[in-house]
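> Each chain, written out:
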Amino acid sequence: MSESERRHLLQIEGQKAEELTQLLDVAETFLQVSRRAVKKVPTLRGKTVINMFFEASTRTRTSFELAGKRLSADVINFSGSTSSTKKGETLRDTVATMEAMHPDVLVIRHGASGAPHHATQYTRAAVVNAGDGMHEHPTQALLDAFTIRQKKKKLEGLRVAICGDIAHSRVARSNAHLLRLLGAQVVMAGPGTLLPVELEALGVEVHERVEPALEGADVAMMLRIQQERLGGALLPSTREYSRQFGLNEERLALAKDDCLVMHPGPINRGVEIHPDIADGKRSAILDQVEAGVAVRMAVLWQLCAEEPLP
Amino acid sequence: MGDGDVLVAPAAVATGLERIAKEIIEREPDEEVFLVGIRRGGVPVAQFLARAIGRRTGRIVKLGSVDITLYRDDAATALPSPQIGPSHVPFDIEGKRVVLVDDVLYTGRTIRAALDALLDFGRPRRIELCVIADRGGRELPIQPDYLVASTEVEAGQRVEVTVNDDDFQVVRTPKKG
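Sequence lines, in order, name chains A and E.
Every letter in the first sequence is one number past the one before it in this note's numbering, and letter 39, counting from 1, is 39.
Every letter in the second sequence is one number past the one before it in this note's numbering, and letter 156, counting from 1, is 156.
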């Protein structure tokens, strides 16, 4: 990509470790901003951020919205279910319409893999992928890495077990790229029907049972069963899933004593994770949410900082 | 202790800062004063002043720091740097007297940003400004209340305060790059 071209955040794959580490460093400062009485800095005054969510989301959209607002950018939210998309407008036309209003950043979540990348063709704004189909969810991986780094003071050499519905998870994919890039060891486990075939090519260890994955883990990252993407018959039942793959005290005992328990949310209590563990002292689930705002502030700033196109 | 011509030697800076400590106290002898250094050059200066004031009054002077990166008037297009430090104001400045401390005063834009940063922590009764060196070249209507020395330099040159333990000196260096 040439210097004059707009930078986007579309995926973790192919990025440089040092640049992402720098981004996480910048996010440390923003964590402090969110903890003060006046949770706002004037850094992005006059910039416009449009959140374009074609798929349901609470935490990611709220998180991006707060991130923009705490940097003093103007943030507009746009959701697929209440927009002209319902009237048959294509992504291309929706993006071109937004473009005509001169946004600086478009944050896009879409059910189709590659949609944010496609959108870059029709806008001069920087595009942030807020989750595209089963492809990637880069800011989630960044906030996960940030949370682990905060809690463990490092990433290098840690064993991170990612368990659950790997096949449908853009979170797992982005995390696999990022954590490995930053020196962690990634292990994945889930029902055979929910393990994509190309996993080993990503350089991760794969198991069809969670126990060997959790063994000696520094971090246990549980994923939600994505009922909306399953399309039927990949699982016998959620009760069966919980019995075989859910994180309970017994299974967590296989991991290191100080194992961090994470979950990108939303949680299905009692399915992939026992409520006592989700609320327990090793859980970093709410730290992840806090980190999300800080990391997204860093991302927005970084993308706005580029020299504007002539 | 760094390259360049020495404009103000360590002994003179120390004398100047001791005089300023006295002036700060005399202005309002009975009121508590908070010192806030502008990161990063102003922080050691504020520390020095806090000790000097503390010695004279027998009271511990509360000390904070502000990082102005996020408040710069060009922040939106400047590249984020991992060098941004946290602002640290561990006391309530509401209704208090605050002295903002920096090493070199030039365009005044840093001070403008620092004022905004500080005001996000509360509404002080009064904010005063203390710097070691004023090199002129102001672009905003901002003047110091306490000053160690004015320095005459040409536009292309840099004025820096270098610090070694508690020794500050003002030096002139050719512009980098």
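A couple of the hints might just be wrong.
Straight-line C-alpha distance at most 25 Å; calculated SDA-like pairs for lysine to any residue [claimed, not checked]:
#	chain 1	residue 1	chain 2	residue 2
1	A	Lys-39	E	Leu-147
2	A	Lys-39	E	Glu-28
3	A	Lys-39	E	Glu-18
4	A	Lys-40	E	Leu-115
5	A	Lys-154	A	Gly-216
6	A	Lys-69	E	Arg-59
Which residues of chain A face chain E? A partial, calculated answer using Cβ under 7 Å [to be verified]:
#	residue
7	Val-41
8	Thr-43
9	Phe-78
10	Leu-195
By construction, these hints were calculated from the structure, which means they are not laboratory data.
The beta carbon of each residue, even a glycine, is placed where N, CA and C say it ideally should be.
> Work down the list of hints and note, for each, if the structure agrees.
Against the structure, the hints come out as follows:
no., hint, in the structure
1, A:Lys-39 - E:Leu-147, "violated (33 Å)"
2, A:Lys-39 - E:Glu-28, "violated (32 Å)"
3, A:Lys-39 - E:Glu-18, "violated (37 Å)"
4, A:Lys-40 - E:Leu-115, "holds (15 Å)"
5, A:Lys-154 - A:Gly-216, "holds (17 Å)"
6, A:Lys-69 - E:Arg-59, "violated (41 Å)"
7, Val-41, "holds (4 Å)"
8, Thr-43, "holds (4 Å)"
9, Phe-78, "violated (23 Å)"
10, Leu-195, "violated (37 Å)"
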